[in-house]
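K.L.:
Next come the chains, spelled out residue by residue.
2 protein chains.
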Amino acid sequence: MRTLTVELGERSYPIHIGSGLLESAGEYLERLGISKKSPHLIVTDDQVGPLYLERLTTSLTASGYRTVHAVVAAGEKSKSLTVFEEVMTSAIEGGLDRRSAVLALGGGVVGDLAGFVAASFMRGVPFIQVPTTILAHDSSVGGKVAVNHRLAKNMIGAFYQPEMVLYDLDTLQTLPIREIRAGLAEMVKHGLIWDAAFTSWCREHAEELLNLKPESLGYGLEMGCAIKAQVVSKDERELGLRAILNLGHTLGHAIEAVGGYGELLHGEAISIGMAASARIAVNRGFAPAELFVETKDLLQRFGLPVALPEHMDEERLIAAMMHDKKFVSQQLVFVLPREIGTVEIVPDVTLDEVRQVIRELKEVDRRV
Amino acid sequence: MRTLTVELGERSYPIHIGSGLLESAGEYLERLGISKKSPHLIVTDDQVGPLYLERLTTSLTASGYRTVHAVVAAGEKSKSLTVFEEVMTSAIEGGLDRRSAVLALGGGVVGDLAGFVAASFMRGVPFIQVPTTILAHDSSVGGKVAVNHRLAKNMIGAFYQPEMVLYDLDTLQTLPIREIRAGLAEMVKHGLIWDAAFTSWCREHAEELLNLKPESLGYGLEMGCAIKAQVVSKDERELGLRAILNLGHTLGHAIEAVGGYGELLHGEAISIGMAASARIAVNRGFAPAELFVETKDLLQRFGLPVALPEHMDEERLIAAMMHDKKFVSQQLVFVLPREIGTVEIVPDVTLDEVRQVIRELKEVDRRV
Numbered sequence: 083m084r085t086l087t088v089e090l091g092e093r094s095y096p097i098h099i100g101s102g103l104l105e106s107a108g109e110y111l112e113r114l115g116i117s118k119k120s121p122h123l124i125v126t127d128d129q130v131g132p133l134y135l136e137r138l139t140t141s142l143t144a145s146g147y148r149t150v151h152a153v154v155a156a157g158e159k160s161k162s163l164t165v166f167e168e169v170m171t172s173a174i175e176g177g178l179d180r181r182s183a184v185l186a187l188g189g190g191v192v193g194d195l196a197g198f199v200a201a202s203f204m205r206g207v208p209f210i211q212v213p214t215t216i217l218a219h220d221s222s223v224g225g226k227v228a229v230n231h232r233l234a235k236n237m238i239g240a241f242y243q244p245e246m247v248l249y250d251l252d253t254l255q256t257l258p259i260r261e262i263r264a265g266l267a268e269m270v271k272h273g274l275i276w277d278a279a280f281t282s283w284c285r286e287h288a289e290e291l292l293n294l295k296p297e298s299l300g301y302g303l304e305m306g307c308a309i310k311a312q313v314v315s316k317d318e319r320e321l322g323l324r325a326i327l328n329l330g331h332t333l334g335h336a337i338e339a340v341g342g343y344g345e346l347l348h349g350e351a352i353s354i355g356m357a358a359s360a361r362i363a364v365n366r367g368f369a370p371a372e373l374f375v376e377t378k379d380l381l382q383r384f385g386l387p388v389a390l391p392e393h394m395d396e397e398r399l400i401a402a403m404m405h406d407k408k409f410v411s412q413q414l415v416f417v418l419p420r421e422i423g424t425v426e427i428v429p430d431v432t433l434d435e436v437r438q439v440i441r442e443l444k445e446v447d448r449r450v
Numbered sequence: 083m084r085t086l087t088v089e090l091g092e093r094s095y096p097i098h099i100g101s102g103l104l105e106s107a108g109e110y111l112e113r114l115g116i117s118k119k120s121p122h123l124i125v126t127d128d129q130v131g132p133l134y135l136e137r138l139t140t141s142l143t144a145s146g147y148r149t150v151h152a153v154v155a156a157g158e159k160s161k162s163l164t165v166f167e168e169v170m171t172s173a174i175e176g177g178l179d180r181r182s183a184v185l186a187l188g189g190g191v192v193g194d195l196a197g198f199v200a201a202s203f204m205r206g207v208p209f210i211q212v213p214t215t216i217l218a219h220d221s222s223v224g225g226k227v228a229v230n231h232r233l234a235k236n237m238i239g240a241f242y243q244p245e246m247v248l249y250d251l252d253t254l255q256t257l258p259i260r261e262i263r264a265g266l267a268e269m270v271k272h273g274l275i276w277d278a279a280f281t282s283w284c285r286e287h288a289e290e291l292l293n294l295k296p297e298s299l300g301y302g303l304e305m306g307c308a309i310k311a312q313v314v315s316k317d318e319r320e321l322g323l324r325a326i327l328n329l330g331h332t333l334g335h336a337i338e339a340v341g342g343y344g345e346l347l348h349g350e351a352i353s354i355g356m357a358a359s360a361r362i363a364v365n366r367g368f369a370p371a372e373l374f375v376e377t378k379d380l381l382q383r384f385g386l387p388v389a390l391p392e393h394m395d396e397e398r399l400i401a402a403m404m405h406d407k408k409f410v411s412q413q414l415v416f417v418l419p420r421e422i423g424t425v426e427i428v429p430d431v432t433l434d435e436v437r438q439v440i441r442e443l444k445e446v447d448r449r450v
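Residue numbers (the working numbering), protein chains in the order written: chain A, 83 to 450; chain B, 83 to 450.
Just chain A, same shape as in the assembly:
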């Protein structure tokens, strides 16, 4: 079992990573001092719930906790205000009060949705993340919670830190390969923004990571969480440094929006976005030419896409970017790589540069 701490003063919290943690969830809640008088809400989805909800509730019940459940449809479409209101209804009808906790059992969608419920229900109740995907090693750390607006992603939310992250690696064994690849995209991102040595390690262990080899997976996730935790500790509310975590996300979010949040998984979209950032950096002489090739090869080693789907309309992608939170004072903010392990926040990328890279990335498979 690995435990690390996100250092945020009085809002610091532990991340436990290991096997068999669901079976011990009750004890972990006890140690946190979660009330046994009040009922607690577990939010999960209709894919994860059937697999792991009983394991979690059995442990909680054995420790004397009462729980109610809200099971939402799997997928990004549940990150809506409509589903948010339904979960609130479950919380109220379940008799939750101010000492009740909200537990997110699932991937990034469930975590973001349940986290915004925890942040807003009665103006904030305790929140516990129980991630069940690789992608969630990223989203469950750092306190960004949100739902989508039909016009833009993650537009409605809060900074709300969990009391604890309980990361049971056993739950990853049932992930489909496409989800595994997409989840590893965020792990690779953590290397690219912060740590050249970890990036090399990822490249060398791509095969083992894709095969969920426990030792490599545990180490990779711990490193990913640790990098994220370091960045968040230094800038909780994204006033500066934290924005480097958005590598690949400026174009990535636009790709998801234009694809209707269904065509590409988040990790796949940001993989293309990271390739785009490397390409823009090379195009403007910000980074050497081989950086794009290295980045692209690394992502492809994980089976991730780097080409932009031909049918994605340039104008719609640009419009989606202009609705994003990263469009500030009429300028597009991109995170661009200088070299592997080092990025910078560049606030003056022009629309022409973006148009060019959109065209180049539609042809990347043909050209290479």
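For the record, the hints were derived by calculation from the structure and aren't laboratory data. Worth double-checking, as some hints may not be accurate.
[To be verified] Okay, derived cross-link-like pairs now, SDA-like style, lysine to any residue, Cα gap no bigger than 25 Å in a straight line: (1) A/Lys-118 x B/Val-431; (2) A/Lys-316 x B/Leu-433; (3) B/Lys-119 x A/Ala-325; (4) A/Lys-118 x B/Leu-433; (5) A/Lys-118 x B/Leu-321; (6) B/Lys-118 x A/Ala-401; (7) A/Lys-118 x B/Lys-118; (8) A/Lys-119 x B/Ile-326; (9) A/Lys-118 x B/Arg-148; (10) A/Lys-159 x B/Ala-325; (11) B/Lys-118 x A/Asn-365; (12) A/Lys-119 x B/Glu-286; (13) B/Lys-118 x B/Thr-164.
[Unchecked claim] Facing chain A, from chain B, some residues (calculated, C-beta under 8 Å): (14) Tyr-134; (15) Met-170; (16) Ser-172; (17) Ala-234; (18) Gly-239; (19) Lys-407.
Just so it is clear, the structure is predicted and the values come from calculations on it, not from any experiment. We put the beta carbon where it would ideally sit given N, CA and C, even for glycine.
Using the hints, position chain B against chain A.
P.N.:
Frame of chain A; chain B shown alone:
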């Protein structure tokens, strides 16, 4: 012009109270350092907007600010997730970014709604309160923002402090008398929970306050804000002391819910709630018998109701209370008066005591 400060460390903010402040709004925003590059959103309602929106935008435009507007229907029904989403749409379509401010021009409903928009839009942007009612001297101070769930009031929200409160007393001159009375209920409450001398002052100046005599009104609102600010400074997130501000609200919220948020104004409902709290206190020997009579007479001097409408069903009132945030670990929490100016938080009021006071308050007009 009177200025006081809500002391909350790095979240401290000023409350400006005086005449002609709308006309100087642009200068106040400049002094706060609000960006002139980003557009700002003014949220108002269809009663206040026609009266004061132009006055506010003229001042902002003269200082070089760009604004967009969201005008919602007047009344508690706009404190819904549906209207919240509509205001978010206005924010996105208006091109707001992370440096944009949300301004609430209106009473408590607009303040609570716009405040939750400010707290949640892009996970939080600057918020400015421009209250236009007497009631809002209470709701605009302290950072409690929320919308209602159909099952319970203020169930979905945040603690989110404004950057500034700009309280232009000129806007109060157009208030209907019923709104004036209901607004003064919160001023009276601030006396009852904190300050016997101010309560006496309120009693002696009831006539002048109801007639909006500027000197008395300015002093009364400053005192009301100051008491609220002191309490909030000591307990921002309502972990203890702050709950005393809920005097009259346990039953008051239930009355509003059962009346469908339309029959009685918030101030009217908490007036009945304050009478109920005094009665419960007397019934359980917590306070001397004359306390109920004094409280009732004081409220009636302001033309406020103290009797519970006959048609309000006991069981529905009880059920609504059990859905309230003040129902914790299966017990009803009431704020009860010891004497004028002193209250205590009492967590063990029984359902029988509440049933008794509901019956007594339905007959109060007949008995007295």
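K.L.:
For each hint, tell me whether it holds in the structure or not.
P.N.:
Against the structure, the hints come out as follows:
Restraint check: the Cα-Cα separation between A/Lys-118 and B/Val-431 comes to about 21 Å, which is no more than 25 Å; the hinted pair holds. The hinted pair formed by A/Lys-316 and B/Leu-433 fails the criterion: a straight-line CA distance of about 49 Å is larger than 25 Å. Pair hint B/Lys-119 plus A/Ala-325 holds up; C-alpha atoms about 21 Å apart against a cutoff of 25 Å. The suggested pairing of A/Lys-118 with B/Leu-433 holds, with an alpha-carbon distance near 22 Å, which does not exceed 25 Å.
Proposed proximity of A/Lys-118 and B/Leu-321 is supported: the alpha carbons are some 19 Å apart, at most 25 Å. Restraint check: the Cα-Cα separation between B/Lys-118 and A/Ala-401 comes to about 23 Å, which is no more than 25 Å; the hinted pair holds. Restraint check for A/Lys-118 and B/Lys-118: not satisfied, since their Cα atoms lie roughly 51 Å apart, outside the 25 Å limit. Taking the CA atoms of A/Lys-119 and B/Ile-326, the gap is about 23 Å. The hint holds against a cut of 25 Å.
Proximity of A/Lys-118 to B/Arg-148 is assessed by CA-CA distance (about 51 Å); at most 25 Å being required, the pair is judged violated. Only pairs whose Cα atoms come within 25 Å are accepted, and A/Lys-159 paired with B/Ala-325 is rejected, the gap being roughly 38 Å. With a CA separation close to 33 Å, the supplied pair B/Lys-118 and A/Asn-365 exceeds the 25 Å bound. Between A/Lys-119 and B/Glu-286 the CA atoms are separated by roughly 47 Å; this puts the pair beyond 25 Å, and the hint is violated.
For a cut-off of 25 Å, the pair hint linking B/Lys-118 to B/Thr-164 is broken: about 30 Å separates their Cα positions. A distance limit of 8 Å between C-beta atoms decides the matter here; for B/Tyr-134 the minimum to chain A is near 28 Å, and the interface restraint is violated. For the restraint placing B/Met-170 at the interface with chain A, the shortest Cβ-Cβ distance is roughly 6 Å, inside the 8 Å limit, so the hint holds. Here the hint on B/Ser-172 is broken, as its CB sits about 11 Å from the closest CB of chain A, past 8 Å.
Of the supplied interface hints, the one on B/Ala-234 holds, with its beta-carbon coming within about 6 Å of a beta-carbon of chain A, less than 8 Å. Below 8 Å, beta-carbon pairs count as interface contacts, and B/Gly-239 has one with chain A at about 5 Å; its hint therefore holds. With a cut of 8 Å, the hint placing B/Lys-407 at the interface with chain A holds, because the nearest CB-to-CB distance is about 5 Å.
Checked against the numbered hints above, the structure breaks hints 2, 7, 9, 10, 11, 12, 13, 14 and 16 and satisfies the rest.
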